[in-house]
Each structure stands twice: as structure tokens, then as C-alpha cells.
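The whole structure should be built from the sequences, with the hints applied where relevant.
Listed below are the residues making up each chain.
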Amino acid sequence: MTALLSVHGLTASYGEGQVLAGLDFEVQRGGVTVLLGANGAGKTTTLRAICGMVRREGSIIFDGKPIQNLSTEGVVRLGVAHVPDGRGTFTQLTVDENLQLGAITRRGRKEIEHDIERCFGYFPVLKERRSQQAGTLSGGEQQMLAVARALMLRPKLMLLDEPSFGLAPMIVKQIFDIFRTLNASTSMSMLIVEQNAALALELADHAYLLETGRVVFAGRPDDIRNDPALRRSYLGY
Amino acid sequence: MELLLQQILSGLATGAIYACMALAVVMIYQSIGHLNFAQGEMATFSTFVAWQLITWGFPYWAAFALTVALSFAGGVLIERVVFRPLKDAPALSHIVVFIGLLAIFNNASGFVWDFTIKTFPSPFGQGPMFGAFLNMHQAGMIACTLGMLVLLYLFFSRTRLGLSLRAAAANPESARLVGVRVGWMIALGWGLASAIGAVAGMLIAPGVFLEPNMMLGVLLYGFAGAVVGGLTSPIGAVAGGLIVGVMENLAGTYVPVVGSELKLTIALSLIILILIFKPSGLFGKTLAKRV
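These protein sequence lines are chains A and B, in that order. Just add 42 to wherever you are in the first sequence, counting from 1, and you've got the working numbering. Just add 177 to wherever you are in the second sequence, counting from 1, and you've got the working numbering.
Please keep in mind that the hints were generated in silico from the structure rather than gathered at the bench. Hints are not guaranteed to be accurate.
Stated by the list, open to error - Away from chain B, derived, C-beta distances all over 10 Å, residues of chain A:
1) S48
2) E58
3) Q60
4) D265
As the list claims (entries may be wrong) - Stretch-level coverage of chain B by chain A, calculated; a stretch enters the list once three of its residues show a Cβ under 8 Å from a Cβ in chain A:
5) 231–242
6) 337–344
Cβ atoms here follow ideal geometry from the backbone N, Cα and C, with glycine treated the same way.
Structure (C-alpha cells):
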């Protein structure tokens with residue numbers, strides 16, 4: 043496999059405070075990379091830095107192109123879909139309009155309609171709610187909508203920020219099953235930030251551990267499972 | 178009874194103009210969160226442009242269309258040049274710039290076309306219509322406004338560009354994350370607001386005479402309409418404008434102390450009352466979030 047995304051020496055700051063202190067990591071083509079770490083380690087900031095939502099420096103190469111100087115819209119238009127924390131739902135718009143917005147940069151009405159149906163196939167509950175205001179959906183349904191909206195871009199890379207956050211275990215399982223299906227059936231890559239390390243490691247082929255804005259460990263999921271100290275810290279057994 | 182009906186109808190006609198100004202104000206408020214005090218003077222300037230084109234011999238509707246197009250471009254330009262650099266600036270900076278624009282457009286109108294009043298033609302004529310309830314021009318004002326509102330409604334609800342605009346106004350950060358060019362959407366909002374204002378100016382000018390301060394009072398009624406309807410609701414702004422127009426006329430006719438002198442006071446009291454008792458307006462949404 044070759045790298046779809048490679049990040050070198052990434053730093054990012056909010057005002058005075060530097061949050062990322064020079065990160066290096068990669069996401070393979072068709073692969074799933076997971077970023078683990080405690081609160082405040084810089085995981086969410088890493089995703090926001092890739093999308094140009096915070097001031098960042100360093101090198102970010104996506105699909106062979108440097109993107110560290112692109113605006114958020116520019117990065118998205120290259121095929122990076124971001125499911126942010128808080129889900130970023132357009133609460134006043136309908137489910138259908140949210141999905142249409144996911145494909146706003148694409149052409150071809152027929153294909154877009156087809157992709158909406160495909161999303162309804164993954165998340166049938168969204169079809170029942172399609173003309174409802176997105177703000178009236180439950181938390182789980184909103185997370186499904188956020189994932190579906192990201193898929194509407196037909197992204198090469200999907201960034202997922204804590205997709206399991208605040209959801210019932212049943213819903214989490216359903217969403218992660220969809221991720222597994224997507225990973226097996228499409229060439230889309232994923233970069234996942236997740237508190238639920240055990241769940242994320244099942245899906246991932248590469249894992250990075252972050253501490254205060256630095257990568258302290260990089261390897262395969264098994265390397266973490268087989269290392270007693272890491273296992274205790276991150277998997278809790 | 179006949180008088181009542183007549184007052185309501187002519188209230189709707191002026192209300193239609195207030196509705197346009199309210200809509201223009203709301204359009205900009207939704208994208209940048211500030212009230213454009215210069216909206217009225219921008220509209221007046223546009224109307225002078227139309228007057229100039231007609232004086233140069235353009236047919237009325239050609240001048241109308243060209244003015245709308247130029248105003249749209251002007252609105253986009255103002256956003257790009259003046260407000261883009263201010264996008265993270267505090268409210269006070271915006272207010273100062275709005276007042277600056279107001280003064281610039283007001284004086285530019287006076288400088289170029291001078292401060293004496295001018296007559297502005299109506300394409301509909303001034304003859305009576307529906308018996309004596311409305312004159313032709315008032316009916317034309319209502320028809321034009323309704324036509325424009327229907328077009329805007331279709332634009333916002335049926336087109337992808339309209340959807341992008343709504344998304345950018347509702348949630349700019351998420352809009353960027355789906356690839357909407359939010360900066361351009363804001364500029365587009367300015368263009369639309371400026372074009373709507375131009376239509377309002379051209380429609381009201383035949384009735385009030387064209388001079389640099391023509392829209393000053395009208396904009397206050399527009400603000401009243403926007404506040405009554407709710408600053409977050411374009412449909413509310415239109416309804417608010419119509420309500421203000423009708424109320425102003427009825428109060429002027431039936432409440433002896435009001436007459437024509439205190440009409441503006443009614444509009445301003447309405448702003449205060451609504452802000453005290455229902456700050457989100459009749460149609461506005463109170464922001465509530467499910468977590």
C-alpha cells in the first residue's frame with residue numbers, strides 16, 4: 043500500500059497555545075488509521091488542521107498534492123470529507139437537504155440521487171426521516187446523517203472525529219459495521235479519532251498514540267494489544 | 178367600510194416596499210449578523226442610476242433590469258472590498274463602516290445628481306384601479322414585489338446555489354466542510370440584498386419623488402418590518418413589512434392624534450414593543466439546540 047495522506051512536522055495553534063508539536067503520520071490508500079490519546083492530546087486539532095480549520099504549519103500531502111496552504115473548501119473539494127465532533131448537522135434544514143449539501147461540489151443529478159439512495163441503504167432510518175428537520179433527529183440519527191452526508195462527497199478520505207461519542211452501544215455497533223462494510227467494499231480511506239480504543243483498533247490497520255501534541259507510538263493494532271503497558275493504558279485490561 | 182378597505186390595500190402597497198427593505202436587511206443580517214444601516218442609501222443610489230439611464234433614453238424596463246444587475250454587482254463589490262477585511266471585526270467596527278457607507282452613498286447621490294427632487298416615471302401609470310381602491314402604480318408595486326418574492330422563494334428552495342446560500346447562513350463552518358465557498362455566498366447575499374433594495378427604490382420613487390434622502394424613512398419602516406417578522410426569517414421579514422405598512426396606514430387614518438405626522442413613531446414604537454415582548458419576532462426562531 044502507498045500513502046494517500048502523509049503528514050510531516052505538523053504544528054497547529056489556537057492563539058498563543060501550541061496544540062500540535064510536530065506530528066508525523068500517514069494514512070494508506072484504502073486503509074484505516076486511528077489516532078488514540080487522552081483528552082487534550084491534540085486528536086481533534088489534528089483533523090481540524092488537515093482541513094484548514096485551524097492555523098497550521100508543516101507538510102500535508104494528500105493524493106500527491108501539498109494541501110497545507112489550501113482553504114477548508116479547497117481541501118474538501120479534493121475529496122476529504124470531515125465528520126466533525128458535534129456532527130456539524132444543518133439543524134434547520136431537512137435530512138434530504140443535508141444530504142444534497144454533502145454532494146454540493148459534485149455534478150450529475152442522477153448520480154447524486156443514486157448516492158442518496160445508497161446512503162438510505164446503509165441507514166434506513168434516514169429514509170423515513172428524509173423530509174424532517176435534521177435538528178429533530180436523535181443523537182444517533184444525527185451521527186448517521188453526518189456520516190451519510192460525508193459519504194455524499196464520494197470522498198477519497200473520510201475524517202471521523204469520535205463517531206461513537208455519546209451514542210448507545212447498539213447505535214455505535216451499527217455505525218462501525220457500516221465503516222467495516224465501506225472499508226471492505228470501497229477504496230475510501232479513513233482517519234478515525236476515537237476514545238473507544240478497542241472498537242477503533244478492530245477496524246484499523248495503523249494506529250498512532252498521541253500525547254500532548256506528539257506521536258509517542260506508531261504501529262499496527264496488534265503491537266498495542268501485545269504491549270502490556272500500552273494495553274493497560276489504552277485498552278484498560 | 179370602503180375607507181377601511183382602501184386604507185388596507187394602499188397599506189399593502191407601501192408595505193410591499195417595506196417588505197423589500199426588510200428582506201434586504203435580513204438577507205445581510207443572516208450572513209454577517211449585522212444590520213446594514215446603509216441599505217436605504219444604497220437603494221436610493223440605485224434609483225438614481227435608473228433615473229439616469231431613463232434620462233439617457235433607455236426604455237423603462239431595460240433601465241430597470243440594468244439597474245438591478247448593476248446593483249447586484251455593486252453589492253458584491255462592497256462586500257468584497259469593504260466587508261471581507263472586516264469579517265472578524267467587532268460589531269462597533271461594522272456599525273461605523275455602515276454609517277460611513279450611508280454618508281458616502283447619500284452624498285454621492287447628491288453630488289452627482291444634486292439635492293433637488295426629481296420625478297421618477299411609473300411603468301404602470303397613475304390611473305385608478307379596482308374602482309378607486311388603488312391606483313395602477315400601487316397595484317403594480319404589489320405585483321412586482323410578489324413576483325420578486327416568488328422568484329426568490331424558488332431560488333432558495335429549488336436551486337443548489339440557493340441551498341448553498343442557506344447552508345452558509347445557517348452554519349458557516351459546516352458549510353465549508355461540505356465545500357461551499359462561504360465567502361462568495363456572503364458576497365452573493367450582499368448582491369441580492371442590494372438588487373432587492375434597488376427594486377424597492379425604483380417602485381417607491383414615483384410616489385415620493387427622488388432625492389438623496391428618499392429611503393431614509395423607508396429603511397426605518399423596513400427595520401421595523403424585519404424586527405416584527407424576526408431577523409432570522411426572510412418570510413417573516415416580508416410579512417412584517419406588510420404588517421407595518423397596513424398598521425401605519427390604519428393608525429394614520431383612524432387614530433386622530435396620529436395623523437400623518439406621527440406615522441413613523443408608530444413604526445419605531447413597534448420595534449421597541451416587539452423587542453421587549455417577543456425579541457425573536459413573530460416568525461423568528463429562538464435558537465435551541467438538542468444535545
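Results of checking the hints against the structure:
For A:S48, the non-interface assignment is confirmed: its Cβ lies about 22 Å from the closest Cβ of chain B, beyond the 10 Å cut-off. With 10 Å as the threshold on Cβ separation, the claim that A:E58 sits away from chain B holds: the shortest Cβ distance comes to roughly 17 Å. The non-interface label for A:Q60 is consistent with chain B: the shortest C-beta to C-beta separation is roughly 21 Å, beyond 10 Å. Distance check for A:D265 against chain B: the nearest CB is about 33 Å away, which clears 10 Å, and the non-interface claim stands.
Proximity of the region 231–242 of chain B to chain A, defined as three or more residues with a beta carbon under 8 Å from a beta carbon of that chain, is not established by the 0 residues found. Against chain A, the region 337–344 of chain B contributes 5 residues with a C-beta closer than 8 Å to a partner C-beta. That satisfies the three-residue criterion, and the hint holds.
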